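Participant: These are the residues of each chain, in order.
2 protein chains.
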Amino acid sequence: MSASRIGQILPSRSVSVLKGGNVWFFGGGAQDPAGYLVSGVRSMLIPSQLSPFPPQNIARSGVSERRRGLAQEKMTENGVFSRDKVLTIDTMNPTVKNVEYAVRGPIVQRAMQIEKELREGVKKPFTEVIKANIGDAHAMGQQPITFFRQVLALCSYPELLNENMFPEDAKNRARRILQACGGGSVGAYSASQGIDCVRQDVARYIERRDGGVPCDPDNVYLTTGASDGIVTMLKLLVCGEGASRTGVMISIPQYPLYSAALAELGAVQVNYYLNEEKCWSMDLSELESSLAEARKHCNPKALCIINPGNPTGQVQSRQCIEGVIRFAAKERLFLMADEVYQDNVYAEGCQFHSFKKVLFELGPEYSDNVELASFHSTSKCYMGECGFRGGYMEVINMDAEVQAQLSKLVSVRLCPPVPGQALMDLVVNSPQPGEPSHITFMKALGQAPDMFYCMKLLEETGICLVPGSGFGQKDGTYHFRMTILPPTDKLKILLAKVKEFHQKFTQQYS
Amino acid sequence: MSASRIGQILPSRSVSVLKGGNVWFFGGGAQDPAGYLVSGVRSMLIPSQLSPFPPQNIARSGVSERRRGLAQEKMTENGVFSRDKVLTIDTMNPTVKNVEYAVRGPIVQRAMQIEKELREGVKKPFTEVIKANIGDAHAMGQQPITFFRQVLALCSYPELLNENMFPEDAKNRARRILQACGGGSVGAYSASQGIDCVRQDVARYIERRDGGVPCDPDNVYLTTGASDGIVTMLKLLVCGEGASRTGVMISIPQYPLYSAALAELGAVQVNYYLNEEKCWSMDLSELESSLAEARKHCNPKALCIINPGNPTGQVQSRQCIEGVIRFAAKERLFLMADEVYQDNVYAEGCQFHSFKKVLFELGPEYSDNVELASFHSTSKCYMGECGFRGGYMEVINMDAEVQAQLSKLVSVRLCPPVPGQALMDLVVNSPQPGEPSHITFMKALGQAPDMFYCMKLLEETGICLVPGSGFGQKDGTYHFRMTILPPTDKLKILLAKVKEFHQKFTQQYS
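If you're matching them up, the sequences are chains A and B in order.
As numbered in the UniProt record's numbering, the first sequence has no gaps in its residue numbers, which increase by one up to the final residue, 510.
As numbered in the UniProt record's numbering, the second sequence has no gaps in its residue numbers, which increase by one up to the final residue, 510.
Keep in mind that the hints were calculated from the coordinates and are not lab data.
Treat the hints with caution; some may be incorrect.
No copy is singled out in the list; a pair is fine if it fits within one copy or between any two copies.
Below are the DSSO-like pairs computed for lysine-lysine, each with C-alpha atoms no more than 27 angstroms apart in a straight line [stated by the list, open to error]:
| # | residue 1 | residue 2 |
| --- | --- | --- |
| 1 | Lys408 | Lys456 |
| 2 | Lys97 | Lys235 |
| 3 | Lys408 | Lys235 |
| 4 | Lys490 | Lys123 |
| 5 | Lys116 | Lys408 |
| 6 | Lys123 | Lys504 |
| 7 | Lys456 | Lys504 |
| 8 | Lys497 | Lys116 |
| 9 | Lys116 | Lys499 |
Please read these numbers as outputs of a predicted model, since none were measured by experiment.
With the sequences and hints as input, model every part of the structure.
Facilitator: Here is the structure:
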């Protein structure tokens, strides 16, 4: 072994290559300082105080007889031995590596870099980055609803209840929420399932929404945003190995939370494609063929639907939902209905139908049997309060024993954030008539290309979109997803920029 | 097959047993209504409109040739066929079933029932339930810190910035937090890792706490309470199957979040026992023997320490921590230091030493190598703000690729609750001198028995504790865990009651 070869293994500062090939180096063997023979090198002394690391992995080097773990040791800048980590990309949980989340992926990371570059004075063909990659209404300048924020301020600092500056209805709402909190403080843990009176309000809201279909507050679970509820439900569902591994059907395109959660749980992602030619509608024949194919290699147990769609923005017809429910009943699939955009329907002639309502209209053969979990959030709708991480899920026809397990599972995380629960209450128990409210719009456009297109668009215009590949799309088709939350003025500029870019792009690359 | 045998399978209302053995029943075959022959029963007609459920499971009955899935169908009260669920205790994720969480287990559930019974006028030998099962300071009447709540109210409803009722320092703090929020609103999503300026404040806090040991804000992740961070770290660590399955060393007694999370992740829980005879201290020899034993059947990769201890309340000496770090280095274990009670140390002569500080004092061989994640929370300390679900974790010496995976993983849940982030900022960037603050005390007592004892105590006195078995204890020893957050007056009553009960109990059962 030459000195330079040793130098690669043993960083220079701690290695003295002596005449005759003697090498002294620091490292290894805290408990048993000793000399080890490295082939071609006579001896090494390992002073114990500098060497916390014991013999371990012997398999990594071609050196025949050597200090175990030697190749794992590297010299850091300040001349100290550094060793391979316990937790590395090779030893970490492989399911986490499979997780992808396009909404905050490389395009968004580059956008943040560009923002930094702009702040540092780097010249760009634009002066600001416009983020249309995520449905974050307030970040785009939407103002919060006054009533909601008044109640939240009162809950945070109840001394304000003594002030005259707040309307009585806001005070009453705050008093009611505080009374339901342990010690009258939003700083106390709530019940793990959520504050009782909030769950009752959610149940009444659901009943109103669904024309009187009953809702039991015991079936309502408050969550840390809808994501939390969705992941919790998937966690209950997923089991088995190999061909009996749980499969979960998700739309393509989908919101990437689903693919990310399924990857993390090691479940089989079963894709069904939305029909772009028919405004991204769901085809039963596609569901059937997707399921038949999936059954060859896994055990499909659940069907996820995002309605109104994300990123596609389609609103399912009542007839379509009925078909999906019949399909789930026939094929024995647990239904998961992501309905967080239920209040974001604006197109003329379009109407939101909840899966639960349609389920009950199909009669007791369905309403007594089909298992359904439905999800909602404070982050979307007209309030767009993303930062509070409020949400709920309702479970219908869940097996009682499973529901007990669900209740146990959510208790491990103690409770969802209480301010988010309070906000959920305000959303479902909406402010007095006359209170201002804004409907925000959330819809995705189905247009042309992908990562390259989006990166180029970002670099040239500062507009940050998400490539369609992060949501899934048919081979050979390309999309991007943009949220259209910026204020009208900004939106006009944004759209003009996109238009111009798009024309140039298609000219250049077609 | 006799009619009664059929009756067991086919609920009575829908079954007409005709002379000669004809049975007509409803159920099955939505897509292909057809007659099926049941052995000993001539024929069945399945009207399609009443039967959404197709042939499926054939294996559950002794009937030789029969409608597939028949045994899964039951009659509900309103005369409709109900079918076995898709998601049952047998088909659900088995790892979830293994989760146990004593802090909110059967004792607490019974306590909630008893509270309801009291409200309904049921006579008990007590008039209220005192909950000493969970560290929920505000629920026990502790008042929130005014300064914190003023800032939170200002953040929730920034119009209050124009009022004269708030001190300038509170306003300045709120302005700073709001400026760091998208669109100046706590209703916007933050960066997934947490708001930049909050992470910077956390980093400076850690540096002050640790006497100048540097902290990089990029290594700080804001979390939804400490639980979130702990589960996320465990998620990164766990992999492998059988004998190479990841093992995680946890203290016994432990805080049940650990056992629950490990069960859910399917990791191997490797117990090491705290030494009750030495005030629940950690013995290195116990660590060594526990690890040696574990290596026979799994791959131990991480060592979790709760310091100050929960439920045991011990505070580790500097010497002990040094030993643990040397042990982790020698044995190549990833260290997880749960330090949420770091500000709850009150015994004379006791001092909190952070694992990070001791790690750095051991010199670069350790500080450049040993991987450590440390956790903190807004729920404990003097503020006890549990409901906001604020917290952070700091990772040290984490492999860069793994840290990129961590950043990706946390992005899937978008962000921790922003009000909790704001609160974390206030905690680490504490109020101006002169601001009121209270130190709450959180310590567990190590005394006598278990579930029976606790249930009896609850039934007779209304005091709700947690049996030691939920945290783990040596065979043949019994403990309970109580939090001592009630105000002094109530605490005196509580302790007097416990004393009286205990004397009676030991008299009766010894």
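Participant: For each hint, tell me whether it holds in the structure or not.
Facilitator: Against the structure, the hints:
Only between protomers do Lys408 and Lys456 lie at most 27 angstroms apart by alpha-carbon distance; the minimum there is 23 angstroms, versus 48 angstroms within a single protomer. Taking identical chains as interchangeable, the C-alpha atoms of Lys97 and Lys235 lie at most 27 angstroms apart whether they share a chain (18 angstroms) or sit on different chains (11 angstroms). In this assembly of identical chains, Lys408 and Lys235 lie within 27 angstroms of each other by CA distance both inside one copy and across copies; the values are 13 angstroms within and 19 angstroms between. When the C-alpha separation of Lys490 and Lys123 is checked against a cutoff of 27 angstroms, the pair qualifies only within one copy, where the shortest distance is 21 angstroms, while the shortest distance between copies is 66 angstroms.
Taking the shortest alpha-carbon separations for Lys116 and Lys408, only the inter-copy value of 20 angstroms comes in at or below 27 angstroms, while the best intra-copy value is 44 angstroms. In the homo-oligomer, the alpha carbons of Lys123 and Lys504 lie at most 27 angstroms apart inside one protomer (21 angstroms), although the nearest pairing across protomers, at 81 angstroms, exceeds that limit. Within a single copy, Lys456 and Lys504 get their C-alpha atoms as close as 11 angstroms, which meets the 27 angstroms cut-off; across copies the closest is 78 angstroms, which misses it. Taking the closest pair of Cα atoms, Lys497 and Lys116 come within 27 angstroms of each other only inside a single copy of the chain (22 angstroms); across copies the shortest separation is 62 angstroms, beyond that limit.
For the identical chains of this complex, Lys116 and Lys499 are intra-copy neighbours only, at 26 angstroms inside a copy versus 63 angstroms across copies, given an alpha-carbon limit of 27 angstroms.
This entry satisfies every hint, going by the numbered hints stated previously.
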